[in-house]
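Read off the chains here:
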Amino acid sequence: AQKITQTQPGMFVQEKEAVTLDCTYDTSDQSYGLFWYKQPSSGEMIFLIYQGSYDEQNATEGRYSLNFQKARKSANLVISASQLGDSAMYFCAMREGLSNTGKLIFGQGTTLQVKP
Amino acid sequence: DTGVSQNPRHKITKRGQNVTFRCDPISEHNRLYWYRQTLGQGPEFLTYFQNEAQLEKSRLLSDRFSAERPKGSFSTLEIQRTEQGDSAMYLCASSFYDRGLHEQYFGPGTRLTVT
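In order, the protein sequences belong to chains E and D.
Start counting the first sequence at 1; every next residue gets the next number (the working numbering).
Start counting the second sequence at 1; every next residue gets the next number (the working numbering).
So here's chain D without its partners, still in its complex pose (with noise of 0.2 Å):
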């Protein structure tokens, strides 16, 4: 399978504690993006990475998200000290940006729970 992966699928955890979440994007594709969204919504932008370099970040990732993309592969988005709020799903898209932008395929998911 060469779509996106994304792990765990599915994490319920108490406020307060912290989440790591992983992404494996295509492997050629050189940008990796963060959405999220929550129930009866749309997917909201949070972050985006060409390569290993974090370009943009949404209002909306507070100072207790953080992202990262050590390698320029694989992509981790960790919470900390979760809030109920943060209850959502967690989406990861990549795309191959060369000289134009190209469609974005999306992984399954990570829906977080926090109780």
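Chain E extracted, bound-state conformation (with noise of 0.2 Å):
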């Protein structure tokens, strides 16, 4: 079965620093994708960042990079020079590549607090 596993319920950083949110999935296929979502308190869910698995390179968004190592079966989330504003609930995500249904497995994910 697929699965998704954040092991970090929350998380502290300093205004400015770099944060690394964990990911590890478990997946049979050798098609998925894998997201990154950020939940703010007021509970829309945000899309950061996407990376297939067949793609050679880490996947970068702005101050958002995506950390991963396939055969560690991990996809963290780097968050570069953290800001106030990036305080949330960030959810990591797998989609299954061979059924084509586009639905999500979710992580429980993990809270970020940026102190100033």
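None of these hints come from the bench; they were simulated from the model.
Here a beta-carbon is modelled for each residue, glycine too, at the ideal position from N, C-alpha and C.
A couple of the hints might just be wrong.
What the hints assert, rightly or not - Partial list, computed: chain E residues near chain D (C-beta under 8 Å):
1. Met11
2. Asp26
3. Ser42
4. Gly43
5. Phe47
6. Tyr50
7. Phe91
8. Thr101
9. Gly102
10. Lys103
11. Leu104
12. Phe106
13. Gly107
14. Gly109
As the list claims (entries may be wrong) - Taking beta-carbon pairs under 10 Å as the criterion, some of the chain E residues facing chain D (in silico):
15. Ile4
16. Gln6
17. Pro9
18. Phe35
19. Tyr37
20. Met45
21. Ile46
22. Cys92
23. Ala93
24. Arg95
25. Asn100
26. Ile105
With the hints as a guide, dock the two chains, each given alone in a separate frame, to form the complex.
Structure follows, in structure tokens:
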């Protein structure tokens, strides 16, 4: 069965510093996609970054980068130069590639608090 | 605003009542997904549509739940005879599907409280 594991329930980071949020996944599929979403207290899930299983380079989107280590089945999110507005819940998610449903399987999330 | 919208944002209802939520996806998106999120957990898939066809339903979706997307645009999720265990955030997401899958964009959610 496919599964996403986020082992850090909560993280603190000082403003302007970098932080890494951990995500490991389990799948027997060769084709899959990995996502990170941000959920502020307002509730909306905001798409941050995507990594395909066949992508050879790590994905980057502005201050966000995804450290993809396929052999270790990890897809950690790195946020550089943290800002107060980064305080939120962060979810790692996986989309199975073979069925084409597109449904996402989410981890339990990590709460990030940025300190001034 | 061209994002995904959901109404109402909050709903408080008494156990046993029926409730209906609405989701308006991004206009050019042909896929629409419903997820449920309980406190402290990640969202869980409920069902999805491609255009007006409901293509998959999770086992989480009991007989009391029904979803429609009659014209392939907006969707409704109805819960009949609500139970306290139905209290959760109900999230809608949309995406565009052609020969490949694209990222899903989520709405702000409807928070349901069953008293």
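Okay, the hints, checked on the actual structure:
Look at methionine 11 of chain E: its Cβ only gets to about 15 Å from chain D, farther than 8 Å, so that hint breaks. Annotation: interface hint on aspartate 26 of chain E violated; nearest CB of chain D at approximately 15 Å, more than 8 Å. For the restraint placing serine 42 of chain E at the interface with chain D, the shortest Cβ-Cβ distance is roughly 7 Å, inside the 8 Å limit, so the hint holds. Residue-level restraint check for glycine 43 of chain E holds (minimum Cβ-Cβ distance to chain D is 4 Å; threshold 8 Å).
For the restraint placing phenylalanine 47 of chain E at the interface with chain D, the shortest Cβ-Cβ distance is roughly 5 Å, inside the 8 Å limit, so the hint holds. The restraint placing tyrosine 50 of chain E at the interface with chain D holds, with a minimum CB-CB distance near 6 Å, inside the 8 Å limit. At a threshold of 8 Å, the smallest CB-CB gap from phenylalanine 91 of chain E to chain D is about 5 Å, leaving the interface hint in force. The interface hint given for threonine 101 of chain E holds, since its Cβ lies 5 Å from the closest Cβ of chain D, which is under the 8 Å cut-off.
Hint status for glycine 102 of chain E: holds, given a least beta-carbon distance of 5 Å to chain D, under 8 Å. A hinted interface residue such as lysine 103 of chain E counts as satisfied when its beta carbon comes closer than 8 Å to some beta carbon of chain D; here the least separation is about 4 Å, so the hint holds. The beta carbon of leucine 104 of chain E is positioned within 8 Å of a beta carbon in chain D (closest approach about 7 Å), and the interface hint is therefore held. Among the interface hints, the one on phenylalanine 106 of chain E holds; its C-beta lies about 3 Å from the nearest C-beta in chain D, closer than the 8 Å criterion.
Proximity of glycine 107 of chain E to chain D holds as hinted, the smallest CB-CB distance being about 5 Å (cut-off 8 Å). Among the interface hints, the one on glycine 109 of chain E holds; its C-beta lies about 6 Å from the nearest C-beta in chain D, closer than the 8 Å criterion. Residue-level restraint check for isoleucine 4 of chain E holds (minimum Cβ-Cβ distance to chain D is 8 Å; threshold 10 Å). Taken as an interface hint, glutamine 6 of chain E checks out: its beta carbon lies about 8 Å from the nearest beta carbon of chain D, inside 10 Å.
Of the supplied interface hints, the one on proline 9 of chain E holds, with its beta-carbon coming within about 9 Å of a beta-carbon of chain D, less than 10 Å. Look at phenylalanine 35 of chain E: its Cβ gets to within about 7 Å of chain D, closer than 10 Å, so that hint holds up. A hinted interface residue such as tyrosine 37 of chain E counts as satisfied when its beta carbon comes closer than 10 Å to some beta carbon of chain D; here the least separation is about 7 Å, so the hint holds. The interface hint given for methionine 45 of chain E holds, since its Cβ lies 4 Å from the closest Cβ of chain D, which is under the 10 Å cut-off.
At a threshold of 10 Å, the smallest CB-CB gap from isoleucine 46 of chain E to chain D is about 8 Å, leaving the interface hint in force. At its closest, the beta carbon of cysteine 92 of chain E sits 8 Å from a beta carbon of chain D; the interface hint therefore holds under the 10 Å criterion. At its closest, the beta carbon of alanine 93 of chain E sits 7 Å from a beta carbon of chain D; the interface hint therefore holds under the 10 Å criterion. At about 7 Å, the closest approach between the beta carbon of arginine 95 of chain E and any beta carbon in chain D falls short of 10 Å, and the interface hint on this residue holds.
Nearest Cβ of chain D to the Cβ of asparagine 100 of chain E: about 7 Å, under the 10 Å cut. The hint holds. With 10 Å as the threshold, the beta carbon of isoleucine 105 of chain E comes within range of chain D, its nearest partner Cβ sitting at about 7 Å, so the hint holds.
Violated hints, in rising order: 1, 2; the structure is consistent with all others.
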